[in-house]
Amino acid sequence: MKTTVSDEEVEVLQQDFLEHYGYDFTEYSKASFRRRIQRLFSMNGSFSFSEFRKRLLSDPNYFYEAVAEISVNVTEMFRDAEFYKAIREEVIPVLATYPHIRIWHAGCATGEEVYSLAIILKETGLLHKSLLYGTDINHRAVDKARTGIFPAANMQQYSKNYQEAGGSEDFSSYYTTNYGMVKFSDQLSEKIIFSTHNLVSDFSFNSFQLIFCRNVLIYFEKDLQAKVLRLIDNSLELLGFLALGTKESLRFSVLDPKYKQPFGRQKIWRKIK
Amino acid sequence: MTTDTGLIAIGGSAGSLQAILKILEYLKPNYPIPVLLVLHRAFANPSPLEELLRVKTGFKVKEIEEKDKIEPGYIYVCPPNYHVLTEANETFSLDDSEKVNFSRPSIDVVFKSASDVFKDKLVCILLSGSNADGAEGIFYAKRNKSITVIQDPAEAQMPVMPRAAIRRSKADHVLNTDEITGFLNSLII
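These protein sequence lines map, in sequence, to chains A and B. The letter at position 164 of the first sequence is residue 163 when you use numbering that gives the first Met the number 0, and the numbering goes up by one with no holes. The letter at position 1 of the second sequence is residue 0 when you use numbering that gives the first Met the number 0, and the numbering goes up by one with no holes.
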């Protein structure tokens with residue numbers, strides 16, 4: 000039985016996805032994309048590659064499930080506590096001066112980081128005048144995010160992250176627990192709009208004062224990174240903030256000349272031109 | 000100095016740090032093959048590991064950032080919470096997908112990806128540790144014709160990991176740390 004997918008076969012699928020469904024993965028980082036395809040292929044162990052390909056082309060439901068499997072949606076609340084501390088202490092006081100606050104989490108996966116920020120906004124008295132947009136290519140992740148329901152087993156870790164990030168309330172007051180799951184308060188979710196959005200092919204849809212795009216660019220090749228960064232730049236107001244992942248940077252990027260990194264090694268940039 | 004080898008990937012978990020320092024400290028000066036370290040660790044960021052390696056080995060030490068080009072003279076360290084994948088153009092890319100063997104970075108993931116690109120120009124070394132991560136990576140790398148080396152479990156502080164890999168596949172070499180250094184020095188002329 001064939002068990003591995005070759006580079007050439009991955010390219011065939013990339014063309015298929017583009018031509019049949021308009022999903023452009025051709026500029027995704029090869030090694031990672033191949034690994035995700037490999038994973039998907041292994042999950043359907045009984046298929047040959049040609050059967051696998053045929054099913055992806057002929058069964059849209061299977062294709063959309065495949066997109067959900069291919070996209071990485073690992074996330075957690077207050078991920079990188081030190082980063083969220085900087086958001087709370089450095090960025091939020093600036094946002095507080097605006098009459099209306101608009102925030103975009105581009106590539107939000109199942110939404111844990113969006114709820115994290117909503118909690119910070121609530122505690123700083125800004126949630127009432129804020130609107131948070133969480134978008135992701137993965138419709139299944141977005142559906143999950145919209146429910147505000149997460150496994151209770153994760154709450155101990157999230158509570159620890161929350162405290163390390165400068166939170167001082169009772170973290171469990173933000174959710175109710177039921178059958179091993181927790182549901183976050185409607186007070187938080189009514190200020191959040193979750194929607195699918197493909198950074199590769201969709202356009203800017205609003206202007207924001209703060210954009211999160213964390214651990215998304217690592218999956219893209221250089222040219223696609225530049226394209227996505229331009230989209231983000233077009234969506235960010237002057238003097239707005241852009242937050243990236245721990246190992247991502249604007250250094251050497253198209254946006255480098257227009258942005259500065261004001262808070263030491265925290266991966267937060269401010270648009271100055 | 001010349002060599003046919005493009006990359007040395009070293010994986011370890013509990014008890015591997017001393018072995019790594021010992022192996023790398025006595026490599027020939029200006030050793031021309033880059034080293035990729037994948038360790039399970041819970042150090043703070045920035046961690047003291049980089050400084051320790053720098054002082055002991057004379058290599059430049061870099062915690063990998065995405066799209067870093069693989070160059071001689073460097074020890075590349077996988078950052079906590081990311082798998083490191085090797086691209087065909089000999090750069091690294093980062094991946095924060097699910098943990099593998101309860102680990103991110105996972106030695107299996109890093110070894111497999113590096114061997115897909117470097118094939119027989121890769122050396123994979125698996126050291127001390129207390130879980131089975133790396134066993135599948137060694138198996139896969141060997142199938143890709145990479146050279147595979149496992150630390151002698153009799154010497155390893157935690158023999159579980161080397162033993163698991165030996166059970167999974169027949170590595171090219173089972174060596175103690177001094178022999179590993181000697182082997183690595185023999186790769187260059």
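Hints listed in this document are in silico derivations from the structure and should not be mistaken for laboratory results. Watch out, some of these pointers could steer you wrong.
If you only want the chain B side, here are some residues facing chain A, beta carbon under 8 Å, derived [to be verified]: (1) Glu65; (2) Tyr81; (3) Leu84; (4) Glu89; (5) Ser92; (6) Val99; (7) Asn100; (8) Ser112; (9) Asp151; (10) Ala153; (11) Glu154.
The structure presented is a predicted model; accordingly, all values stated were derived computationally and were not measured. Backbone N, C-alpha and C define an ideal beta-carbon position, used for all residues, glycine too.
Run the structure past the numbered hints and jot down the numbers of the failing ones, going up. 4, 6, 7, 9, 10, 11
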